[in-house]
Amino acid sequence: MTLSCVPPVAASLIATLDTVLHIAPVSRRWRADAPGNVVFLPPTLTKQTLLLQIALLRPSALIIADQVIDAEIIERWRSAHPFGDLCLIRRGTSLDKVRLDLCEANDIRVINTPGVNAPHVAAYMVRWLTLGEGALPSEVGVVGYGNVGKALVRLLLERDPHVRIKVLGEYQSQETTDSRVTFAVDRFEALTGAHAVALCPTRNDETTPRIDGALIECLHPHARLVCVVEPDVFSDDAVQALAVAEHLQLVLGCGSVTLGEFRSRAQLLGCSLDTWRRPVTFTIQATSSDACHGDLDHAVCVQQSLMAVRGLLKRTLAKSFTIPTVQTDAAAPCVSIVGRGINSLFQAVMFRLANYQVTVYGTERHSDDARLKHVNTWPMSTTQPTAEPEFDHRLPVECHRAGLELFEKLLADNPSLARFAHGQATTALWNELEALLGASGVRFLPQSLSPAQTAALSRRHCVVSVLEGDDLEELSIVYRCAHNRIVAGGTYAAGTTQGLLWASLVQEIIQAKAPMVLAMNAQ
1 MTLSCVPPVA
11 ASLIATLDTV
21 LHIAPVSRRW
31 RADAPGNVVF
41 LPPTLTKQTL
51 LLQIALLRPS
61 ALIIADQVID
71 AEIIERWRSA
81 HPFGDLCLIR
91 RGTSLDKVRL
101 DLCEANDIRV
111 INTPGVNAPH
121 VAAYMVRWLT
131 LGEGALPSEV
141 GVVGYGNVGK
151 ALVRLLLERD
161 PHVRIKVLGE
171 YQSQETTDSR
181 VTFAVDRFEA
191 LTGAHAVALC
201 PTRNDETTPR
211 IDGALIECLH
221 PHARLVCVVE
231 PDVFSDDAVQ
241 ALAVAEHLQL
251 VLGCGSVTLG
261 EFRSRAQLLG
271 CSLDTWRRPV
281 TFTIQATSSD
291 ACHGDLDHAV
301 CVQQSLMAVR
311 GLLKRTLAKS
321 FTIPTVQTDA
331 AAPCVSIVGR
341 GINSLFQAVM
351 FRLANYQVTV
361 YGTERHSDDA
371 RLKHVNTWPM
381 STTQPTAEPE
391 FDHRLPVECH
401 RAGLELFEKL
411 LADNPSLARF
421 AHGQATTALW
431 NELEALLGAS
441 GVRFLPQSLS
451 PAQTAALSRR
461 HCVVSVLEGD
471 DLEELSIVYR
481 CAHNRIVAGG
491 TYAAGTTQGL
501 LWASLVQEII
511 QAKAPMVLAM
521 NAQ
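Residue 1 is where the sequence shown starts when you use our numbering, and the numbers rise one by one after that.
Worth flagging that the hints you see were computed from the coordinates, not collected in a lab.
There's no promise every hint is true.
What the hints assert, rightly or not - Derived BS3-like pairs (lysine-lysine); straight-line CA-CA distance at most 30 Å:
no.: 1; residue 1: K97; residue 2: K47
no.: 2; residue 1: K47; residue 2: K150
no.: 3; residue 1: K314; residue 2: K409
no.: 4; residue 1: K150; residue 2: K97
Please work from the sequences and hints to get the whole structure.
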């Protein structure tokens, strides 16, 4: 199972961030759907080019693959962006090439995405472990039982009912009870005579390097090793043993930078790769499929969305939520809201607080049970990632919490709403909100607009379309007939729980575009 796409709300939230510099591979879908503040640069760009782009763009976030992030890059980044939060997101697991100590000293938050690409890497390893006739070896040795190791064991068991797997590591009863899988803490017990070995150890000081020359020599002479970690997992004598092995095959899944480093290392050890008895097979396919890129993009977008939600909440809570008791100035900008559900009222609240002239269109008022509801979780439909379960819930939980904080502030800042603080949302809240908004100049027109009428209205000013039917729930901004979906489907079915969060998001997006809109109107 792979991701269908990044949720629409992720792109909407990320649009509220400062510049994001993406210097890693990217899926076709995210490259097309990403907001304009995400700048994509090739992951192969030189260090000097990266330093120049950091100075020019002053990004608040860097998204990297396996690039080296050293002292010079960190210093240039903090100098270009001296204030505010900075975030470095590793699109993958390993942080070996990042100066974590300097990031901490410069208040740069570092995030990685462990396990997200594990199913794809495991599938890649199975392909290379498969024999010429299409069958798996009868016995496979697995070095490492982290995210990739566990995914690999599961996939091997699914593919071949007769396969035997020896895992070098501690037995973990909570992970597998299959009798075809055995665990050994002694590496020679696990790998002596092995025909097929998958190298996917977790990266830490205790396990690097784990593969030495003695272990190479204990393998079957015709063994195949598939390695998906940095080749420094091999000790120097292991590299030399591999160089002279007559029939042993090494498959190394790595990027061009890692390949160059390994080539230089072999040269220094006196066993240039060109002289190996059996040439090394280098591939970049372990994490290069578009499906894998899609999963990694999803995980990175969730992390960026979390940053955006926290920033949006902080900025919004700093404002007063007291609904004015006076009319809006006639020269104030206009916005129209199409829809009469509770979320339409929340949209009207946030725009009136921002001193907009607000008109709400719609005739149908849904029942209290249908629209004024409390929802504790936010299902992400087909946008769930395939590896890490916590990614399914972290963003909806954060949105839920932020929405509740905003709702509580609305009640606290408006005395006539205070009585709803400890009870369920009711029709009385709905009526009171309409009364407060009406007194502040918000117009409620009992008129349903067709899509054509909405498009015509959007030629004059921005229109917020709030669809809250049983079959379709969607929040969009319409301007000059362009329909921009902000959040939809299960991500929007939250009633009073997240309504003010989405209203704050829409209001901020429209205000951010205000200079451009005014310029277009002046033409």
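Check the hint pairing K314 with K409 against an upper bound of 30 Å on the C-alpha distance. 12 Å, holds
Next pair to validate is K150 with K97; report whether the Cα-Cα distance is within 30 Å. 25 Å, holds
Can you confirm whether the C-alpha distance between K97 and K47 stays at or below 30 Å? Status holds; Cα separation ~13 Å.
Would the pair K47 and K150 pass a check requiring their Cα atoms to be no farther apart than 30 Å? Cα-Cα ~36 Å, so violated.
Checked against the numbered hints above, the structure breaks only hint 2 and satisfies the rest.
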